[in-house]
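Dock chain Y against the given chain V, drawing on the hints supplied.
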Amino acid sequence: MSDLMKVSSNPHIRSKVTTGNIMFCVILALLPAAVFGIYNFGIPALVLILVTVASAVLSETIFNKICKKKNTISDLSAIVTGLLLALNLPPRAPWWIGVIGGAFAIIVVKMLFGGLGQNFMNPALGARCFLLISFTSIMTNFECDGYTGATPLAALKAGENVDTMSMIIGKTAGTIGETSMIAILIGACILLFAGAIDLKIPFSYLGSFVVFLVLFSGHGFSPAYISAQLAGGGLMLGAFFMATDYVTRPITKRGQYVYGIILGILTGIFRIYGASAEGVSYAIILGNLLVPLIERVTIPKSFGKGGEKA
Amino acid sequence: MNSGKERLINGIVKENPTFVLMLGMCPTLAVTTSAINGLGMGLTTTVVLALSNVFIALLRNIIPDKVRIPAFIVIIASFVTMLELLLEGFLPSLYGALGIYIPLIVVNCIILGRAEAYASKNPVLPSFFDGLGMGLGFSIALTCIGAVRELLGAGDLFGFHVMPTADHPWLLGGKEIAFFTPASIFVLAPGAFFVLACLTAIQNKVKLEGEKKGKDMSKIGSGCSEDCMNCGEEGCGRRKFYDTEAGEGPVGKKEEQKTEQKEAGQQKKEEKQKETGQQKKEEKQKESQNRSKEENKEEKKEREEINNE
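Each protein sequence line maps, in turn, to chains V and Y.
Counting from 1, position 241 in the first sequence corresponds to residue 241 in the numbering used here; the numbering is continuous, with no gaps.
Counting from 1, position 226 in the second sequence corresponds to residue 226 in the numbering used here; the numbering is continuous, with no gaps.
Worth flagging that the hints you see were computed from the coordinates, not collected in a lab.
Treat the hints with caution; some may be incorrect.
As the list claims (entries may be wrong) - Here are some, though not all, of the chain Y residues that point toward chain V, as calculated from beta-carbon distances under 8 angstroms:
| hint | residue |
| --- | --- |
| 1 | T181 |
| 2 | A183 |
| 3 | S184 |
| 4 | I185 |
| 5 | L188 |
To be verified - Heads up, simulated EDC-like pairs for lysine to aspartate or glutamate below, C-alpha to C-alpha not over 20 angstroms straight-line:
| hint | chain 1 | residue 1 | chain 2 | residue 2 |
| --- | --- | --- | --- | --- |
| 6 | Y | K215 | Y | E88 |
| 7 | V | K253 | V | E295 |
| 8 | V | K157 | V | E143 |
| 9 | V | K65 | Y | E209 |
| 10 | V | K68 | Y | E209 |
| 11 | V | K253 | V | D198 |
Unchecked claim - With beta-carbon atoms standing in for the labels, derived distance ranges:
| hint | chain 1 | residue 1 | chain 2 | residue 2 | range |
| --- | --- | --- | --- | --- | --- |
| 12 | V | P223 | Y | A178 | 44 to 50 angstroms |
| 13 | Y | L104 | V | G274 | 29 to 35 angstroms |
| 14 | V | K70 | Y | H168 | 43 to 49 angstroms |
| 15 | Y | K213 | V | I66 | 19 to 25 angstroms |
| 16 | Y | K205 | V | F193 | 28 to 34 angstroms |
| 17 | Y | K215 | V | S137 | 43 to 49 angstroms |
| 18 | V | K70 | Y | I69 | 50 to 56 angstroms |
| 19 | Y | A178 | V | L192 | 43 to 49 angstroms |
Here a beta-carbon is modelled for each residue, glycine too, at the ideal position from N, C-alpha and C.
Same shape as in the complex, but just chain V:
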């Protein structure tokens, strides 16, 4: 991106915000969820996180070396991608899942399309879906010491009762980073106070999702069911960390609301009518693909253009 020509007249306002700063902020915000995941699932989770991050960073280095480009790992985005991907993996996934996932996210989804800022879909989610389709049995096996059987969301879909309180704290089965709603919300607060994200997309996403549940889930307005749906699965992680990804969200304000609402509806459709209990990653990826269309529809009118003609 920095290779682009900057054509503008002075004076210039210089901001201290750089890509590296924002990415560092995102890493800080992801740490609570990661730490809780390691506490919850033990050392194998830590190993998986480290392997995935290392794979992402190495892939970017090697790709840049082969293509004779400047190495871009210093903007920390590869670390964020690796960390996000690792938080979306089951805790007992073998180490090579992290290696393949990190390499796919960086090389295929990000670098082949031109690197950071040019990728058309979230690299971490693209890699997660790739792994989910490729190695379905590994990626949906959440068995771990102390946790056997289904995730709370799958149990909820099967019609069983779930303990919403433990889902909010995070002592349940699931992927490494998605289980604890509290840890993720702490991270989201860090991002909000740092000004890295705003609430347009998360709120319209979660709001439209709740409305969809009330209308179509068959449970009506039941607070227990809705809170379980909100706390379960990767919804919080997706809404605050992935849907708000700078590169793959719409630029326009109205577009961001539209994007959030589309994500909410898609997630609702996948969770209620889909075969699998979880649908956040597919919803966000589909939303990413719709972003160019959303932006085209919601271009704001420039000052002096449009309005009523006298």
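This is chain Y only, laid out in the frame that chain V set:
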């Protein structure tokens, strides 16, 4: 460019229908779930291509130009129907695996493309070899894609268990080794795109390196779009300039050279005429300018005289 060997090499390597011309993507992406399927589809298409090229070349002077596409399709469809019945009778397993894609060979754009671009303008024997080469290139490409997809997606190759998967581990010294987990995405539709893109990239890399070493990697003129003005293909024997009638129909090498010379001569003449025309125009303009200047001067003088008076 019309010898059989050249046509074969052109079809298989230089103008490979899948990796270079990017034709026939539908069967390429859809049936290459295994190497056997890819090979079967490729060979079926090869037979149809070679036979239809021969018959279209035979009938090229009889088929009216305005209805040539329907005529081609009738010829191609007859061969496809014959082949479909043969496959159903003698290779029912392949027939089942390929399914709807056998009748769809009729509208495969490689076959129609070769008929339109080559067979309808060239003698029978080169057309046959052109069809054979293109078909073999298609077969090789499909088999490669199918092999990679089968290997990564199921751990097999041509139906044999190759990789040490959990179901079929290697036995080494009494120990079972099973480190390979098949990535089922490669058997599904997205895998076809991944593998096709990677193989095309490798092919481009090889081509670029070959050009660096000074090998002749250029296409042999045959993917002709009749648009010679915008065609970058150098050394094309059918290259037409201003005379649009000259290139049609089968032309032998000697005749081509003659027509080229004639065309070149015509071109030069035309250029000369243009140049001389331009020179004359410029001269006229200069003259008129000079005249107008002189007139202006005279007018000024007259005005000055009037003022003085």
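Hint-by-hint comparison with the structure:
1. For Y:T181, the shortest C-beta to C-beta distance to chain V is roughly 6 angstroms, which falls under 8 angstroms, so the interface hint holds.
2. The restraint placing Y:A183 at the interface with chain V holds, with a minimum CB-CB distance near 4 angstroms, inside the 8 angstroms limit.
3. Hint on Y:S184 holds. Least Cβ distance to chain V is approximately 6 angstroms, under the 8 angstroms limit.
4. For the restraint placing Y:I185 at the interface with chain V, the shortest Cβ-Cβ distance is roughly 4 angstroms, inside the 8 angstroms limit, so the hint holds.
5. At about 7 angstroms, the closest approach between the beta carbon of Y:L188 and any beta carbon in chain V falls short of 8 angstroms, and the interface hint on this residue holds.
6. Between Y:K215 and Y:E88 the alpha-carbon distance is near 45 angstroms, which puts this suggested pair outside the 20 angstroms criterion.
7. For the given pair, V:K253 sits about 10 angstroms from V:E295 by alpha-carbon distance, which is consistent with the 20 angstroms threshold.
8. Proposed proximity of V:K157 and V:E143 is supported: the alpha carbons are some 18 angstroms apart, at most 20 angstroms.
9. Between V:K65 and Y:E209, the direct Cα distance comes to roughly 19 angstroms. Compliance with the 20 angstroms bound is thereby established for this hinted pair.
10. The suggested pairing of V:K68 with Y:E209 holds, with an alpha-carbon distance near 17 angstroms, which does not exceed 20 angstroms.
11. The suggested pairing of V:K253 with V:D198 holds, with an alpha-carbon distance near 11 angstroms, which does not exceed 20 angstroms.
12. Taking the beta carbon of each, V:P223 and Y:A178 are about 48 angstroms apart, inside 44 to 50 angstroms as hinted.
13. For the pair Y:L104 and V:G274, the supplied restraint of 29 to 35 angstroms holds, since their beta-carbon distance comes to about 32 angstroms.
14. Restraint check, V:K70 to Y:H168: a C-beta distance of roughly 46 angstroms satisfies the suggested window 43 to 49 angstroms.
15. The beta-carbon spacing between Y:K213 and V:I66, approximately 20 angstroms, falls within the hinted interval of 19 to 25 angstroms.
16. Distance hint for Y:K205 and V:F193: a CB-CB separation of about 49 angstroms, inconsistent with the stated range 28 to 34 angstroms.
17. Hint check: Y:K215 to V:S137, Cβ distance near 48 angstroms, so the stated range 43 to 49 angstroms holds.
18. A beta carbon spacing of about 52 angstroms between V:K70 and Y:I69 agrees with the range 50 to 56 angstroms that was offered as a hint.
19. At about 48 angstroms, the CB distance of Y:A178 to V:L192 agrees with the hint of 43 to 49 angstroms.
Violated hints for the displayed structure, listed by number in ascending order: 6, 16.
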